[in-house]
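There are 2 protein chains.
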Amino acid sequence: MSPIPNGRVIFNEAPLAEGYPDAQKTLVYESNQTMDVETTPLNGGILVKTLVVSIDPYLRGRLRNPEKQSYNEAFVLGQPITSYSIAVVLRSENTNVKAGDHLYGNFPLVEYHILKDLTGAKKIENKEGIPWSLYTGIAGMPGKTAYYGWKAYAKPKKGETIFVTTGAGPVGSMVIQLAKLDGLKVIASAGSPEKVQFMKDIGADVAFNYKTESTDEILEKHGPIDIYWDHVGGEVLDLAFKHAARFARFIEVGLITGYNTGGIQPVKNFGNVLFKSLTIQGFIVGNLDAEYSEAFYNEIPARIARGEIKYLEYVKHGLQSAGQVLVDVLKGDNIGKAVIIVADK
Amino acid sequence: MSPIPNGRVIFNEAPLAEGYPDAQKTLVYESNQTMDVETTPLNGGILVKTLVVSIDPYLRGRLRNPEKQSYNEAFVLGQPITSYSIAVVLRSENTNVKAGDHLYGNFPLVEYHILKDLTGAKKIENKEGIPWSLYTGIAGMPGKTAYYGWKAYAKPKKGETIFVTTGAGPVGSMVIQLAKLDGLKVIASAGSPEKVQFMKDIGADVAFNYKTESTDEILEKHGPIDIYWDHVGGEVLDLAFKHAARFARFIEVGLITGYNTGGIQPVKNFGNVLFKSLTIQGFIVGNLDAEYSEAFYNEIPARIARGEIKYLEYVKHGLQSAGQVLVDVLKGDNIGKAVIIVADK
Chain W
127 MSPIPNGRVI FNEAPLAEGY PDAQKTLVYE SNQTMDVETT PLNGGILVKT LVVSIDPYLR
187 GRLRNPEKQS YNEAFVLGQP ITSYSIAVVL RSENTNVKAG DHLYGNFPLV EYHILKDLTG
247 AKKIENKEGI PWSLYTGIAG MPGKTAYYGW KAYAKPKKGE TIFVTTGAGP VGSMVIQLAK
307 LDGLKVIASA GSPEKVQFMK DIGADVAFNY KTESTDEILE KHGPIDIYWD HVGGEVLDLA
367 FKHAARFARF IEVGLITGYN TGGIQPVKNF GNVLFKSLTI QGFIVGNLDA EYSEAFYNEI
427 PARIARGEIK YLEYVKHGLQ SAGQVLVDVL KGDNIGKAVI IVADK
Chain V
127 MSPIPNGRVI FNEAPLAEGY PDAQKTLVYE SNQTMDVETT PLNGGILVKT LVVSIDPYLR
187 GRLRNPEKQS YNEAFVLGQP ITSYSIAVVL RSENTNVKAG DHLYGNFPLV EYHILKDLTG
247 AKKIENKEGI PWSLYTGIAG MPGKTAYYGW KAYAKPKKGE TIFVTTGAGP VGSMVIQLAK
307 LDGLKVIASA GSPEKVQFMK DIGADVAFNY KTESTDEILE KHGPIDIYWD HVGGEVLDLA
367 FKHAARFARF IEVGLITGYN TGGIQPVKNF GNVLFKSLTI QGFIVGNLDA EYSEAFYNEI
427 PARIARGEIK YLEYVKHGLQ SAGQVLVDVL KGDNIGKAVI IVADK
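Sequences listed follow chains W and V, in order.
Sequential numbering from 127 applies to the first sequence in the working numbering.
Sequential numbering from 127 applies to the second sequence in the working numbering.
Just chain W, same shape as in the assembly (with noise of 0.2 angstroms):
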């Protein structure tokens, strides 16, 4: 066999600061490179196909300038992005691997690469045979990242509130059934009329579109609210302050209002903290994967696959169209998690 191009999306220009990414300009997709993945020397590592390659909200943080600090690394011009991803082994030096094993990890969004070792990387059995996506998704980070939090931080007690952000996302739409499965009383917002739809499918007991509806009136009729778990900071998260009810816990997981106006909105109501006596808890998911990450792969996939836990995908096909995806992601114009399918097997 001879080589073939071999796709990449290369982080071609940092956005502004202010205003969402460019489809075009922001990433790039390139397909003057070829590998002969026959003959490819290994050099001891992996080779590994891409099937699926996730595109999240967070991404937006790491496309910067590197002279602009952050808590995550800003990604390197001229080179492929990475991102969480499901590949499958063509061949394997590495003893711990065969070919036709399947991989998740943070890998670069190019078609064919090689792993120096499995550093970063999970093997995945999916014995319970659900969709490889679900792996990037509701099985994979962002679903960690609802279950991971849930289990640390929320403390939930059977009969109380929670406000749930970005409900019809990946990660929203897992603490929506957490709560349910915990006995809550679930409000969740989300931005269209079918995210309301799925979120009143799996369970919300108040589903609203915050376009169209005041979420500061929903609160005032449906709350006071003992759970925040917030992805948008601003004006929504000041709001979750004010109908807060006394030791509330808020988990923070994102601040997206922020992520494309070139910064946090400053909090107002802050001082809620204190007369509420409020737990603020931030986090990422690395932070707890060690401790949580067995219970996860244990629990979550065969929940899915009995039909328990219920998912939605917002898919696109090829590389090409990472530039689309992660604009449409930020805008949430996706209803349901995004992922691209770059091959089926």
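Keep in mind the hints are simulated off the structure, nothing from the lab.
Chain copies aren't distinguished; within one or between two, either way the pair holds.
Once the Cα atoms are required to be at most 25 angstroms apart in a straight line, the calculated PhoX-like pairs of lysine-lysine come out as: (1) Lys402 / Lys281; (2) Lys394 / Lys368; (3) Lys402 / Lys277; (4) Lys194 / Lys347.
Dock chain V against the given chain W, drawing on the hints supplied.
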């Protein structure tokens, strides 16, 4: 014995939301009422004489028009305010206390008054023989605030760094000493050279006057901080976010910057909660009393008696001084815990 004047401190006029209370108008001392302490009927209650009254910044929040909602009850206009006090029993028809016993509680600022029962009052034995005034300070509510918050939320690890605001006050000075006992590096701020000296005397590694030195530069040089003990909010809170280490704990006990300025300042650097996986905990001392009170009274008065925990008091005499002392503590003109000695025994 005939009736004697029974002085009291009345909530005379609510201060404006913005600005300090007026030392002459907000609280007014009245001595036109009398009591015959030997014959006044008790109806099963307990006649006590006030010995010491504590004056604390949080009182500002209760001196408001009652239509304004807050986390604590507004004082009633025209009635005596209440505060944590030590009183001695003169006569008792309650079998649980007798003349000569000392009680600690949130009592009215009146020289002589009758308690219906012991609800909210705690008998203090003072086997250690420390000054009674300390039971309203480092061995009272402020000391408990420091001790309870430290035990429940600080999660200190030897070698970590803490930043304590208002470190010369009764809460802050206790926090400094608890942190040193646990092997931490302590950065502490206060607003005068005398206060800075006191913070050094009790063990602060870096003690500075925030009025003459830059908090930002001090934290840049001696941080990052693993624990932030917040009494002030506002800009200092934003600097604490800026200089927080990953996984830092913020303990929110007061937001004094906002008490006299009509509101809490917006928080600009809240994004760090997410980026640095911070934990923020607001609390009031009453939340934790059931869990930690016994340990506190077993440990702290004895440590004070042995000289292991040091203190500083700002002592005034007579209930007439209440209005001025309140302004003093809100302006930070006091050095040490503000107490009013009403009677020596």
